Amino acid sequence: MSESAHSAPNIAPAHPAHAGHGEHAPQSFFHKYLWSTDHKVIAMQYTFTGMALGIVAAFMAYVFRMQLAFPGMHVPGFGVVSPGAYNALVTNHGSIMIFWVAMPVLLAGFGNFLIPLMVGCDDMVFPRINRLSYQLFLLSVVVLVASWFVPGGGFGGAWTAYPPLSAVAKYNLTPGGATLWLIAVALEFVAFLLGGINFITTAMNSRAPGMKAFDVPIVVWTIVMASILFMSSVGPLIAGAVMLAFDQLIGTGFYNPNRGGDPILWQHLFWFFGHPEVYVVLFPALGIVAEIMTVFSRKKLFAYKIVIYTFIATGALSFFVWAHHQFVAGIDPRMANVFTVTTLIISIPIAEMCFVYIATLYGGSITFSTPMLWALAFMVEFLIGGVTGIFLGASGLDIFLHDTYFVIAHFHYTFFPIAIIGTFAGITFWFPKMFGRMMSDKLGKIHFWGTIIPFNFIFIPMFFLGSAGEQRRVYDYRHFPELARPEFQALRIMATVALLVMLAFQLVFFYNFIMSMRRGPKAPKNPWKSNTLEWTADSPPPHGNWAEMPTCYRAPYEYSVPGRAEDFWPQNEKT
Amino acid sequence: MIERWIASASSYSAQTDNLFWLITIIVGFWFLAVEVMFFWLMWRFRKRPGVPARYITGKEKDLKRWINIPHALVLVCDVVIIVAAVRLWVHVKQTLPPADETVRVIGQQWTWTFDMPGPDGVLDTPDDIHLADELHVQVGKTYHFLLESKDVLHSFCVPAFRLKQDAVPGRTITGWFKPTLTGTHDIQCTQMCGLGHGIMRAAIVIETPEQHAAWVQQQAALAASAP
Chain A
1 MSESAHSAPN IAPAHPAHAG HGEHAPQSFF HKYLWSTDHK VIAMQYTFTG MALGIVAAFM
61 AYVFRMQLAF PGMHVPGFGV VSPGAYNALV TNHGSIMIFW VAMPVLLAGF GNFLIPLMVG
121 CDDMVFPRIN RLSYQLFLLS VVVLVASWFV PGGGFGGAWT AYPPLSAVAK YNLTPGGATL
181 WLIAVALEFV AFLLGGINFI TTAMNSRAPG MKAFDVPIVV WTIVMASILF MSSVGPLIAG
241 AVMLAFDQLI GTGFYNPNRG GDPILWQHLF WFFGHPEVYV VLFPALGIVA EIMTVFSRKK
301 LFAYKIVIYT FIATGALSFF VWAHHQFVAG IDPRMANVFT VTTLIISIPI AEMCFVYIAT
361 LYGGSITFST PMLWALAFMV EFLIGGVTGI FLGASGLDIF LHDTYFVIAH FHYTFFPIAI
421 IGTFAGITFW FPKMFGRMMS DKLGKIHFWG TIIPFNFIFI PMFFLGSAGE QRRVYDYRHF
481 PELARPEFQA LRIMATVALL VMLAFQLVFF YNFIMSMRRG PKAPKNPWKS NTLEWTADSP
541 PPHGNWAEMP TCYRAPYEYS VPGRAEDFWP QNEKT
Chain B
576 MIERWIASAS SYSAQTDNLF WLITIIVGFW FLAVEVMFFW LMWRFRKRPG VPARYITGKE
636 KDLKRWINIP HALVLVCDVV IIVAAVRLWV HVKQTLPPAD ETVRVIGQQW TWTFDMPGPD
696 GVLDTPDDIH LADELHVQVG KTYHFLLESK DVLHSFCVPA FRLKQDAVPG RTITGWFKPT
756 LTGTHDIQCT QMCGLGHGIM RAAIVIETPE QHAAWVQQQA ALAASAP
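Line by line, the protein sequences are chains A and B. Going by my numbering, the first residue of the first sequence is number 1, and it counts up by one from there. Going by my numbering, the first residue of the second sequence is number 576, and it counts up by one from there.
Be aware that one or more of the hints could be misleading.
[Claimed, not checked] A short, non-exhaustive set of chain B residues, derived as facing chain A with CB atoms under 8 angstroms: (1) W580; (2) W596; (3) A608; (4) V611; (5) P627; (6) V658; (7) R662; (8) L663; (9) R737; (10) T747; (11) T749; (12) L756; (13) G758; (14) H760; (15) L770; (16) L797.
For the record, the hints were derived by calculation from the structure and aren't laboratory data. All figures in this text were calculated on a predicted structure; none of them were measured in a lab. Beta carbons: idealized from backbone N, C-alpha and C, even for Gly.
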């Protein structure tokens, strides 16, 4: 472990008085919670901001689902949904869930909280860059929210922002919203570039003495790999976004065919980033699931190294599949054949990973605690998202299914497990470490079933509607005789009602979350009898994490080792 | 079964549905196999008093089989799906059978306009029929369409044909279809194109040769009587 890494927080001017670990002078609220360089505080800032934006995005989903089920109605809390408002709602729901919920919570929230604690160091290598990362992220939120209130309203050109619609004011009619949306996304990218630098550097340089690369817990691996994927894919899109901003603001013609530009160029740049982005959020979620499944089945991860290799293979392949989003976009049709092959090849590492996760249960002693239920549900539901992706990756079939509700159902069966199930799994699992108190398992289970069952009733109907040719981003299907059939409308109403039920059950979570934080039973250091280093720190860990820094003696998943009295063997215990 | 929800009205729509079912059967098998295995493991290895978990390193040959053999089978299934998907793709998108007639499809915010050949059967002659929101074609004929956009991206989608193609400003994209069933079907715009995207609908009217000839004559008469 490098000396500089450990002394880093102490040289930050915000904490000039801090001389040693765990001996910190009391801080003002401002310095403790708003200007902190502590990785745990920054993790909470990201997580709470992400959850707040999640509530906003859920409200948007509620509004447009009400409009789809009962077209033209006065939606309580919003009013009548105009076509422009509908477009802005779906656009911002998608943008928020990916860039302002999944990424801040899974990557930045869990990444900041877990990496220093799991590799056994006192903070990130660059704490002030870390603070700057969150501040830029917060600024991006402010810009995004501002984009909804400028003249013309929020941007409604879909989260993919294809030009010329996104580039030309007279086509999108929301010039202010479009430009602010683009700036918000760009700021968010900068925030995560800064965060990624920290994740990668900390995991590489600040590991506890004795912790070799293959002693690092899976979730740290996945967050680091996600950061590498993000940092290597986002460059082309930032270049593309600058060109789009120029097209919007000073009338250049990068995407304008009449001036020698090409609208399809944006699609290549966007999806070259956009597909790896899926894995940027998937990987941390899969890492969380791996930690939870091993702990609650008291089992070593079946083939740890294979899991690492499948992650690397998936990440590498994800750079070669982007044009499967563009089969019918007007690219040379021969290209579709290449991208069908690369897309289906991704099923090979993913299937292997899936089998290894499932095999981990074999021979286990499974406790169905709330975090474990979420982790198991992740696998059950994500599998549906995985197999339905095959339909869309098959070029011949994508001609029909592209941009239908089949696509929406498919990616919600991937993103919902990632952003919602993965997050709840992680929060219920690490809550004792984060806040020093236990959550109610009973309320946790009520919330779990109240979320999982309606979730399937929201999105299964969409597979049927998509197979019937229902296209996306339409605010009222009564204009299309083939889609206006009453049985289809019944499916839409069913999805909306299920959404209302699911949203209602989220109140159980927030009640449990807030009440447990204030009055839950005090958590011991290691309530789940887990092996990884974060459970050797106090709950919650103080600034600096440990009074005496831990040393690592073994791999992270040595559960139920024969001949030991205990069925776990923490990484820091010598014998 | 898809044709119960949406008519199957082109020469390649049945093939598309067959590909849908092929993939459904293959991935449905895997889906069920994996989920059944998963739930069985959950039940079989639930925590029971006095039964500790086993220490398994993942290097046991008899256990690794359970991963390696399915994994090889997944690869075989991938090849089957790729071959079927590429065959359909090449048929629909990469080959262009000789046309009996050609039509022009133009997307603009937020309407479709169509140029159809007049009584002479040739596009781009003075007797062409220009119509908004309605494309008339004859059953059994092979059509080429020349797809254009005047402003932003649109997508020409006829679900009953299982056909979709984006319209890109500055380009003319040529594709084909052959209607096999008479009737009227939706043309949807399936690419976000702005405020009116949700109402950018047109109809494709597929007629028998007699109906179609009568319709063309009627349109020609209308055009002649116009001042």
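Hint check:
no.	hint	in the structure
1	W580	holds, 4 angstroms
2	W596	violated, 10 angstroms
3	A608	violated, 11 angstroms
4	V611	violated, 11 angstroms
5	P627	holds, 6 angstroms
6	V658	violated, 10 angstroms
7	R662	holds, 7 angstroms
8	L663	holds, 3 angstroms
9	R737	holds, 4 angstroms
10	T747	violated, 10 angstroms
11	T749	violated, 11 angstroms
12	L756	violated, 14 angstroms
13	G758	violated, 11 angstroms
14	H760	holds, 7 angstroms
15	L770	holds, 5 angstroms
16	L797	violated, 25 angstroms
Checked against the numbered hints above, the structure violates hints 2, 3, 4, 6, 10, 11, 12, 13 and 16; every other hint is satisfied.
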